[in-house]
Amino acid sequence: MLTVEAIHTYYGKSHILHGVSLEVSPGEVVGLLGRNGVGKSTTLKTIMGLIHPTEGRIVFEGQPITRTVPHRLARLGIGYVPEDRRIFRLLTVLENLRTGLDRNGVTEERKKVLLDKVYQYFPVLAERRYQAGGTLSGGEQQMLAIARAMMLEPKIILLDEPTEGLMPKMVTQIREIITLLHQEGVAILLVEQNVPLTLAVSSRIYIMEKGVVRHHATAAALRSDDSVIHQYLGV
Amino acid sequence: MAEQLLIQLLIGLSSGMILALVASGLTLIFGIMDVVNFAHGELFMLGAYVGTTVLVATGSFWLALLVASVTIALLGAGLHITTLRPLLGRDPLTTILATFGLSLVLQNYALWQYGPVARKIQEPITSQFQFFHIQFPWYRIVIALLSAAIIGALWLFLKYGKYGIWIRATTQDRIMASAMGIPVPLVHTAVFAIGSAMAAASGVLFGPLVGVNHAMGLDWILKAFIVVVVGGMGNLAGSILASLLVSLLEAFASLWVSPAQAVIVSFVVLILTLLFRPTGLFVPTPK
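In the order they appear, the protein sequences are chains C and H. Residue numbering for the first sequence follows the numbering used here, beginning at 7 and increasing consecutively. Residue numbering for the second sequence follows the numbering used here, beginning at 2 and increasing consecutively.
It cannot be assumed that every hint is accurate.
Below, computed lysine to any residue pairings styled on SDA-like, alpha-carbon distance capped at 20 Å [as the list claims (entries may be wrong)]:
| id | chain 1 | residue 1 | chain 2 | residue 2 |
| --- | --- | --- | --- | --- |
| 1 | C | LYS118 | H | TYR164 |
| 2 | H | LYS160 | C | ARG135 |
| 3 | C | LYS117 | H | TYR161 |
| 4 | C | LYS117 | H | GLY162 |
| 5 | H | LYS163 | C | ARG81 |
| 6 | H | LYS163 | C | ARG78 |
| 7 | H | LYS163 | C | TYR136 |
| 8 | C | LYS118 | H | TYR161 |
| 9 | H | LYS163 | C | ARG95 |
| 10 | H | LYS160 | C | GLN137 |
| 11 | C | LYS117 | H | LYS163 |
| 12 | H | LYS160 | C | THR141 |
| 13 | H | LYS163 | C | HIS77 |
| 14 | C | LYS123 | C | GLN147 |
| 15 | H | LYS160 | C | LEU96 |
| 16 | H | LYS163 | C | ASP108 |
| 17 | H | LYS163 | C | GLU159 |
| 18 | H | LYS160 | C | THR98 |
| 19 | H | LYS160 | C | TYR136 |
| 20 | C | LYS19 | H | GLY90 |
| 21 | C | LYS118 | H | GLY162 |
| 22 | H | LYS160 | C | ARG95 |
| 23 | H | LYS163 | C | ALA138 |
| 24 | H | LYS163 | C | THR98 |
| 25 | H | LYS163 | C | LEU96 |
| 26 | H | LYS163 | C | ARG116 |
| 27 | H | LYS163 | C | VAL112 |
| 28 | C | LYS216 | C | VAL201 |
| 29 | H | LYS163 | C | LEU121 |
| 30 | H | LYS163 | C | GLY111 |
| 31 | H | LYS160 | C | ARG104 |
| 32 | H | LYS163 | C | ARG104 |
| 33 | H | LYS160 | C | ARG134 |
| 34 | C | LYS19 | H | ASP92 |
| 35 | H | LYS163 | C | LEU120 |
| 36 | C | LYS19 | H | ARG91 |
| 37 | H | LYS163 | C | ARG135 |
| 38 | H | LYS160 | C | LEU100 |
| 39 | H | LYS160 | C | ALA138 |
| 40 | H | LYS163 | C | GLN137 |
No lab work stands behind these hints: they were computed from the structure. Since we're looking at a predicted model, the values are computed, not measured.
Bound conformation, chain C alone:
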């Protein structure tokens, strides 16, 4: 469904991605692991069209999207949950959700169904729906960021370090949400530092180092043999 072929991405003059390739099938959860600064977040940003690659191509559902602007990608069904969450701080929780909900062709009934669903997944967002996004705790903001992406009814969600800086209880909750989304048939490309969580929820794993994918394996294989994880991540 999503194919990334040998993309090269620069931030100004610094060459971040040196030919990254990966693939995600419909409904699949794929993990992207690696140490800090190897280009995991940049890979997601490049897929989302926030930075354009200088070489290589990206194909989504048979359509080339290498130079497509982000708002069209969102409409095509790619949801993005950035590392720093990027909640609209002055908008209420409900307004944050509405940024993804007020699209053409979404009926009022459908909007209600979608809202009810995220309120059921994240009851705390229902309680705080009229509160400004900036007043939520870190964990709540993470939930809002995921819920907001769900409003787009995406076929795939690019999830960038969703458990970073969260309490263990929140981490468990994020893990449950990933499982629920997977059961609904949403594909997920998950960037994480939390290796056990990533191995538990993903079917396949890519391991990155210095701007390239160094290793590719099924999560099951890595669970039974942790030497590769040890070699690239030092854990």
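Once you've looked at the hints, dock chain H against the given chain C.
Chain H alone, transformed into the frame defined by chain C:
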């Protein structure tokens, strides 16, 4: 003395509301795209000229107001697409030069098209009412209320409308807004058009009081810039409060000095704000 104060209060409030209408367009445009629109005064002036043309042709002031707003909104959208959209993401200095250039072009266009002689717009309401010892024109009250109504409508639209949420989301985080499927370039063009329409509406409303000429935008835009800075760049409520504050202070100051000298008050407020609270008077203290 008390009645003098009340008279000046009324004058200050009514000029303050008109100033607020000019300033809200300016602050809206700055808030969403970090563009300081130096051509805002020319949009105000062209709005007034389109108003005079329609007024002469149809005799209806209200139709003139409507047609001028719509025409200048379209002009604003066109200017944004051709001049500002290509500069998105560049150094803010480039947009300052671009809008300053636009301002010169539009001003000289008006001089060439309409000539140097000021034109008069006949106000739709000429009656006056007795306010203590002076005759106060009803028209000033009407424009103050109309300005308040237009600003109120803008506020409701921003607060509750679907596109209002798009505008506010884009103001806060342009990149995340586009990742949520909001067509950011279109939102920018729409906001520029709305700001232009508000400038044009104020030009037509204010035309009867000052006369319409190619340089009429200058005085107003200067004052509008002052209140936008005093109120906190990009802060709509702040600009409105600052417009009222500055206009009231000027009105009261003119009890003691001539109205021409009272203009100094706005510069004093500007300088004090920049010295002691450069982020603006009506914004929460940054943490």
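Structure-based check of all given hints:
Restraint check for C:LYS118 and H:TYR164: satisfied, since their Cα atoms lie roughly 19 Å apart, inside the 20 Å limit. Restraint check: the Cα-Cα separation between H:LYS160 and C:ARG135 comes to about 15 Å, which is no more than 20 Å; the hinted pair holds. As the CA atoms of C:LYS117 and H:TYR161 are separated by approximately 16 Å, the hinted pair is consistent with the 20 Å bound. Annotation: proposed proximity of C:LYS117 to H:GLY162 holds, straight-line Cα distance about 16 Å (limit 20 Å).
In summary, the hint linking H:LYS163 to C:ARG81 is supported, as the alpha carbons are separated by about 17 Å, within the 20 Å threshold. Taking the CA atoms of H:LYS163 and C:ARG78, the gap is about 18 Å. The hint holds against a cut of 20 Å. Straight-line distance between C-alpha atoms of H:LYS163 and C:TYR136 comes to about 16 Å, which keeps the hinted pair within the 20 Å bound. For the hint linking C:LYS118 to H:TYR161, the alpha-carbon distance of about 17 Å falls within 20 Å, and the restraint holds.
Taking the CA atoms of H:LYS163 and C:ARG95, the gap is about 18 Å. The hint holds against a cut of 20 Å. In summary, the hint linking H:LYS160 to C:GLN137 is supported, as the alpha carbons are separated by about 14 Å, within the 20 Å threshold. With a C-alpha separation of about 13 Å, the suggested pairing of C:LYS117 with H:LYS163 holds against the 20 Å cut-off. Taking the CA atoms of H:LYS160 and C:THR141, the gap is near 19 Å; set against the 20 Å cutoff, the hint holds.
This hinted pair checks out: H:LYS163 and C:HIS77 have alpha carbons roughly 16 Å apart, not beyond 20 Å. A C-alpha spacing of about 17 Å is found between C:LYS123 and C:GLN147, which places the hinted pair at or below 20 Å, so the restraint holds. A hinted pair counts as satisfied when its Cα atoms are at most 20 Å apart, and H:LYS160 with C:LEU96 qualifies at roughly 11 Å. Proximity of H:LYS163 to C:ASP108 is assessed by CA-CA distance (about 7 Å); at most 20 Å being required, the pair is judged to hold.
With a CA separation close to 18 Å, the supplied pair H:LYS163 and C:GLU159 stays within the 20 Å bound. A distance of roughly 11 Å separates the Cα atoms of H:LYS160 and C:THR98; the hinted pair therefore holds under the 20 Å criterion. Between H:LYS160 and C:TYR136, the direct Cα distance comes to roughly 13 Å. Compliance with the 20 Å bound is thereby established for this hinted pair. Restraint check: the Cα-Cα separation between C:LYS19 and H:GLY90 comes to about 17 Å, which is no more than 20 Å; the hinted pair holds.
With a C-alpha separation of about 17 Å, the suggested pairing of C:LYS118 with H:GLY162 holds against the 20 Å cut-off. Proposed proximity of H:LYS160 and C:ARG95 is supported: the alpha carbons are some 15 Å apart, at most 20 Å. About 17 Å separates the Cα atoms of H:LYS163 and C:ALA138, which keeps this hinted pair within 20 Å; it holds. Taking the CA atoms of H:LYS163 and C:THR98, the gap is near 14 Å; set against the 20 Å cutoff, the hint holds.
Between H:LYS163 and C:LEU96 the alpha-carbon distance is near 16 Å, which keeps this suggested pair within the 20 Å criterion. Of the pairs offered as hints, the one joining H:LYS163 and C:ARG116 holds, with about 16 Å between alpha carbons and a cut-off of 20 Å not exceeded. For the proposed pair H:LYS163 and C:VAL112, the alpha carbon gap of about 13 Å is at most 20 Å, so the pair holds. Between C:LYS216 and C:VAL201, the direct Cα distance comes to roughly 18 Å. Compliance with the 20 Å bound is thereby established for this hinted pair.
Of the pairs offered as hints, the one joining H:LYS163 and C:LEU121 holds, with about 16 Å between alpha carbons and a cut-off of 20 Å not exceeded. Restraint check: the Cα-Cα separation between H:LYS163 and C:GLY111 comes to about 14 Å, which is no more than 20 Å; the hinted pair holds. Taking the CA atoms of H:LYS160 and C:ARG104, the gap is about 12 Å. The hint holds against a cut of 20 Å. At roughly 8 Å between alpha-carbon atoms, H:LYS163 and C:ARG104 fall within 20 Å of each other, so this suggested pair holds.
The straight-line distance between the Cα atoms of H:LYS160 and C:ARG134 is roughly 18 Å, inside the 20 Å bound, and the hint therefore holds. Between C:LYS19 and H:ASP92, the direct Cα distance comes to roughly 18 Å. Compliance with the 20 Å bound is thereby established for this hinted pair. Among the hinted pairs, H:LYS163 with C:LEU120 is consistent with the structure: their alpha-carbon atoms are about 17 Å apart, no more than 20 Å. Between C:LYS19 and H:ARG91 the alpha-carbon distance is near 17 Å, which keeps this suggested pair within the 20 Å criterion.
With a C-alpha separation of about 17 Å, the suggested pair H:LYS163 and C:ARG135 falls inside the 20 Å cut-off, and the hint holds. Note on H:LYS160 and C:LEU100: the hinted pairing holds, with a Cα-Cα distance of about 12 Å set against a maximum of 20 Å. Under the criterion of a C-alpha separation no larger than 20 Å, the hint pairing H:LYS160 with C:ALA138 is consistent with the structure, at around 13 Å. Simply put, H:LYS163 and C:GLN137 have alpha-carbon atoms about 18 Å apart, close enough for the 20 Å limit, and the pair holds.
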